Amino acid sequence: MSLLNQFKTSLARSKSGFVDRLGSLFGSGEINDEFFEELEETLVSGDVGVQTSLKLVDQLREAIGNQKVKEREEARKLLIQIITDTMSSGENSTLADQKPAVILLVGVNGSGKTTSAAKLANLYRQQGKKVLLVAGDTFRAAAIEQLEIWSGRAGVDLIKQEPGSDPSALFFDAMNAAKARDADVVIGDTAGRLHSKYNLMKELNKIYRVVGRNLPGAPHQVLLVVDATTGQNAVAQARSFNEALALDGLILAKLDGTARGGIVINIQDELEIPVSYVGTGEKIEDLAPFNAADFAHALLED
Amino acid sequence: MFSNLGEKLQNTLRRLKGKGKLNEKDVDAAMREIRLALLEADVNFKVVKDFVAAVRERAVGHEVMSSLTPGQQVVKIVNEEMTRLMGQDQSTLSFTRGQTSIMMVGLQGSGKTTTAVKLASHLKREGRSPFLVAADIYRPGAVKQLEVLTESIGVKSYSNLEEDPVKICSEGLKMAEREGCDVTIIDTAGRLHLDDEMMSEITEIKNTINPDEVLLVVDAMTGQDAVNAASSFQEALGLSGVILTKLDGDTRGGAALSVRAVTGCPVKYVGVGEKLDALEPFYPDRMASRILGMGDVLSLIDKAEASIDQDKAKEMEQKLRKQQFTLDDFKDQIAQLRGMGSLEEIMNMLPEAGNLPKEVKQMSMNEDNFKRVEAIIGSMTKGERQNPAILNSSRRRRIAMGSGTTVQDINRLINQFNQMQKMFKQMGGADKKGASKKMKKMKKRFPF
Ligand SMILES: Nc1nc2c(ncn2[C@@H]2O[C@H](COP(=O)(O)OP(=O)(O)OP(=O)(O)O)[C@@H](O)[C@H]2O)c(=O)[nH]1
Ligand SMILES: Nc1nc2c(ncn2[C@@H]2O[C@H](COP(=O)(O)OP(=O)(O)OP(=O)(O)O)[C@@H](O)[C@H]2O)c(=O)[nH]1
Ligand SMILES: [Mg+2]
Ligand SMILES: [Mg+2]
Numbered sequence: 001m002s003l004l005n006q007f008k009t010s011l012a013r014s015k016s017g018f019v020d021r022l023g024s025l026f027g028s029g030e031i032n033d034e035f036f037e038e039l040e041e042t043l044v045s046g047d048v049g050v051q052t053s054l055k056l057v058d059q060l061r062e063a064i065g066n067q068k069v070k071e072r073e074e075a076r077k078l079l080i081q082i083i084t085d086t087m088s089s090g091e092n093s094t095l096a097d098q099k100p101a102v103i104l105l106v107g108v109n110g111s112g113k114t115t116s117a118a119k120l121a122n123l124y125r126q127q128g129k130k131v132l133l134v135a136g137d138t139f140r141a142a143a144i145e146q147l148e149i150w151s152g153r154a155g156v157d158l159i160k161q162e163p164g165s166d167p168s169a170l171f172f173d174a175m176n177a178a179k180a181r182d183a184d185v186v187i188g189d190t191a192g193r194l195h196s197k198y199n200l201m202k203e204l205n206k207i208y209r210v211v212g213r214n215l216p217g218a219p220h221q222v223l224l225v226v227d228a229t230t231g232q233n234a235v236a237q238a239r240s241f242n243e244a245l246a247l248d249g250l251i252l253a254k255l256d257g258t259a260r261g262g263i264v265i266n267i268q269d270e271l272e273i274p275v276s277y278v279g280t281g282e283k284i285e286d287l288a289p290f291n292a293a294d295f296a297h298a299l300l301e302d
Numbered sequence: 001m002f003s004n005l006g007e008k009l010q011n012t013l014r015r016l017k018g019k020g021k022l023n024e025k026d027v028d029a030a031m032r033e034i035r036l037a038l039l040e041a042d043v044n045f046k047v048v049k050d051f052v053a054a055v056r057e058r059a060v061g062h063e064v065m066s067s068l069t070p071g072q073q074v075v076k077i078v079n080e081e082m083t084r085l086m087g088q089d090q091s092t093l094s095f096t097r098g099q100t101s102i103m104m105v106g107l108q109g110s111g112k113t114t115t116a117v118k119l120a121s122h123l124k125r126e127g128r129s130p131f132l133v134a135a136d137i138y139r140p141g142a143v144k145q146l147e148v149l150t151e152s153i154g155v156k157s158y159s160n161l162e163e164d165p166v167k168i169c170s171e172g173l174k175m176a177e178r179e180g181c182d183v184t185i186i187d188t189a190g191r192l193h194l195d196d197e198m199m200s201e202i203t204e205i206k207n208t209i210n211p212d213e214v215l216l217v218v219d220a221m222t223g224q225d226a227v228n229a230a231s232s233f234q235e236a237l238g239l240s241g242v243i244l245t246k247l248d249g250d251t252r253g254g255a256a257l258s259v260r261a262v263t264g265c266p267v268k269y270v271g272v273g274e275k276l277d278a279l280e281p282f283y284p285d286r287m288a289s290r291i292l293g294m295g296d297v298l299s300l301i302d303k304a305e306a307s308i309d310q311d312k313a314k315e316m317e318q319k320l321r322k323q324q325f326t327l328d329d330f331k332d333q334i335a336q337l338r339g340m341g342s343l344e345e346i347m348n349m350l351p352e353a354g355n356l357p358k359e360v361k362q363m364s365m366n367e368d369n370f371k372r373v374e375a376i377i378g379s380m381t382k383g384e385r386q387n388p389a390i391l392n393s394s395r396r397r398r399i400a401m402g403s404g405t406t407v408q409d410i411n412r413l414i415n416q417f418n419q420m421q422k423m424f425k426q427m428g429g430a431d432k433k434g435a436s437k438k439m440k441k442m443k444k445r446f447p448f
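Protein chains in written order, with the working numbering: chain U, 1 to 302; chain W, 1 to 448.
Next up, chain W with everything else stripped away, as it sits in the complex:
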């Protein structure tokens, strides 16, 4: 509904042409849309109020730069404010000389156990020697879960179902030292912030082990309530950071802003999958555009860079420049995109995805679809693959017969190919510098 603030603002601000200054009425109309977009993204309503007030104050009377339309000007201010609120830079973990200890805390099911092991795996890759402590003696199977996961990454862990969690943690720290490990990550039981008994337990753990980091693990799908839990945990423990999980879904993740606003703590990592390597650094600017629904352009570039073969990308860029993108290349492209998730997922990261036909956005790069595409393209002659324009209806019928598909399938594919060709032309290659420059340009071309 409010999936794309860019579109919304476009509608609201279409009538405004470059004037000298933004007046109150212009700004009010835009603020309404921004408020809605933020609420739909689950940013807490009080945080929204403060945010909108801040943007409004900056926007009214603001000189519209000659290079921008009033709409673009408002978006620019919103983006800047948002990024400022989310924290300008990436924030990292703090390590002490010798033994570092990290505590994971949070509500039930937010992702503490999984994230604790992801973090261990990440630190191990960085050359550290992590150790895990399972302090959740309550949830059935919690200790076992941590054991199975740590074993799978070749990291040691400690627990003792006969002991109380405070004791487990102090024992665990000693054990880590004996094992020669330098970072100890403590997984604690999920708990409600209004459960006094459980909150005093965790406070006691904290006071006993005096950890270097206390990380609040927050489910990215959390709604308005995110502020309540976050501020209670902050009050009880004094958090050092936040990890946002389950961002691999389609949630807008407004909780990130709410939690940041009430705790003042930086988000240090984000979880983007169930697998143990699905932990990423947090980029405030990307999160800002995700919450605003304006396209996570930078993430797309990174994603593309990670999964697209660099030489191939170069070659592709050449072809694109020369406008030689053929169906064969199309097949190669989607083969590479397969590793990146559904096309829809990718499209959603593009600010202009809203303008693409629905059927293209919904084209999912699952195995079935891919096999079908492969069969269809495989049934074409070389000439047809080079120049799909020659595909008349009798050729299409022949290809359908040959590939065991229907003419509709062929039509859809050609349509998707055309759209994709257009998209890649806009994107350029995946060469980082070139692409980011292009992306910046694209960002500037917000639909106003």
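The shape of chain U in the complex, shown without the other chains:
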């Protein structure tokens, strides 16, 4: 199955409840206040958030007025377009032609960082790159072993130190190792941390600075891993992590569940941080590049 199809299937499967409602919503009938209200509710129920839902509905109203749309089906196409436009308005981060190119994965506890690191390692290795994984979570019990198993499955090297060691010192060494081993891509896992914890965010900022000091221009891609089931708190997460180390994109993990991940629209809207990948399962190949049009379609179409 192509990545795109895989992405669509998993979205379609998970969106059934959502889609059913929209199906009836858009199916037939005139465009009236009740229609807009239901629409707003549907968006809210997909974690889009009240403010952003209202904003999207307002945009839709305006577009409907401008284009003299009368049918709900037409309105649906307009809304898909609006969401697609919103979600593709930013530049999607690509890895610079750097060698080694350094990717750093950050996020709150349990969002899917370590698994996503393994998935990315697998992706790049399949592209023929020499990949190095860095077991940057020296804090959580058996986090290093977890990534070690994954690195074996992905067939890539792992840089690790003792549990409890200083993560920025580890990253410093990892940058040297990457240069010495002539790695193309370095993927750094980090410990989960709640964005509201000052000291932990400071520690992350230190990792960021140490990496940059040892390898000017690095890290080249900092990705925030967000659990698709997360509600409004994800915006606060993105805000804080973005302050600590300038995010380039998101990985929306666990999109294979029933959650719709609508919160990424808020994040894109407020912070202009695009979604780079979506996680669609627990296996190493369950990662797909994000596609705005697919996302919008899958959200509003069955």
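Quick caveat, the hints were computed from the structure, so don't treat them as lab data.
Remember, it's a predicted structure, so these values are computed and weren't measured experimentally.
Be aware that a few hints might be false.
What the hints assert, rightly or not - Cut-off 30 angstroms, straight-line C-alpha distance, at most; resulting in silico cross-link-like pairs (DSSO-like, lysine-lysine):
1. U/202 with W/144
2. U/55 with W/49
3. W/124 with W/174
4. U/206 with W/144
5. W/371 with W/124
6. W/156 with W/167
7. W/144 with U/160
8. W/174 with W/144
9. W/46 with W/76
10. W/46 with U/77
11. U/99 with U/70
12. U/283 with U/129
13. U/68 with U/55
14. W/144 with U/130
15. W/144 with U/283
16. U/55 with U/130
17. W/25 with U/55
18. U/77 with U/99
19. W/275 with U/206
20. W/167 with W/144
21. W/49 with U/77
22. U/206 with W/331
23. W/46 with W/25
24. W/331 with U/202
25. W/46 with U/55
26. U/160 with W/156
27. W/206 with U/283
28. U/160 with W/275
29. W/144 with W/206
30. U/202 with W/174
31. W/275 with U/283
32. W/21 with W/46
33. W/422 with W/331
34. U/99 with U/68
35. U/202 with W/371
36. W/167 with U/283
37. U/99 with U/202
Since the structure of chain U is already known, use the hints to place chain W with the ligands on it.
Here is chain W with the ligands on its own, set in the frame of chain U:
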């Protein structure tokens, strides 16, 4: 945006003065704000609908008590309804004579493994003899994670990567008995509620071991989807309770209400950190005010009580009464607050925190800040510490030089000191009875 429902309602209801009864229009305006606040707090939209309808019904035509403004009256009803929905009382685990078994279930990454060990540690402290079973053979490193954690608290565990999870659990129970343990906690793999294969596995585990408790572990940051997972797990397994994790963050935690509403199960514990002692009982009333964004006043008192030296608190209360709170005391206070997290975190628990200047709220009690404060206060004369009012600009310059800081740092500190003095005056000491009475008063003084 809707961080404080109290503030929001204040704006909406400011115009209303004590009338005889709440009319529909008053109530509608308030209901809009409540609906927004709940949605922003991630309460499921259907649950919000039901909740607002219930409150509305109670509120319209309600007599406004003479002691309250209409706004306060609405908040009172909201609070009562909310607490009622969350469950009135604390709920505990049920133990059987002899062997008790507890199963942890939930979505991926919600915190099952960590919570299983936290629970074991808690039960061990209560004098029980817990045993852990690692039934997650899927996630890389999951068994090892549980082993490392159980070892750290001196508790035994069992697993076998060669076996299937159902077998592991029945073996584990036998092992626990042989080891002379009386509570067995089973950590299961994270799974999606729509994964039929995995759901039938867990159903089989449940049917095989017939546990006393089946606890659903839910991430407090979960959004609208919380109802889907919770109701599926409930349907498949028949849950006995819920544990809400990661409440140490700044999430409003509306999932607690959603999950409660769709499963009818009580929340039995909450996780408030990654460390193994970060498990607390669940207080429905506190969760209600957290979701509503009206200040978690009671938690604050408990927190303060836990980290503030009782004698010092007494002494402080005396000083506060006599209005003798000095910069030296300020230093002592923040030294104690260091153990309580950032000042912002603490402020957020206060209903009136919204009214405090941003810079005070953002003053974080990390080591850097604390050292700076210490240096500044250390560079003052005794007279200055007793009476900061005498700090003119030449004194401030001298202190800045002496402490290696800037005059801005001094100004900020004095400003924060003044604000804090004000805050502590409102709070009174941390003496429980005195404080809770004061807190109750403070609660009544919602900004209307
Ligand atoms: N269904 C599904 N599960 C996933 C996905 N990504 C990760 N997971 C699972 O989520 C759980 C947590 O994943 P981890 O990669 O360990 O998360 P983490 O962010 O590294 O966690 P910490 O390091 O503890 O903060 C594991 O059980 C993973 O198998 C996904 O896209 N879909
Ligand atoms: N801040 C905070 N982190 C927590 C809390 N409870 C668990 N965690 C963290 O959340 C992450 C996931 O916890 P686990 O116990 O591995 O979650 P799990 O449900 O067993 O995950 P899977 O087995 O992969 O499904 C880890 O990084 C834990 O340290 C909590 O109350 N607060
Ligand atoms: Mg990890
Ligand atoms: Mg686990």
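Can you give the numbers of the hints that this structure goes against, from lowest to highest? 5, 11, 16, 18, 30 and 34
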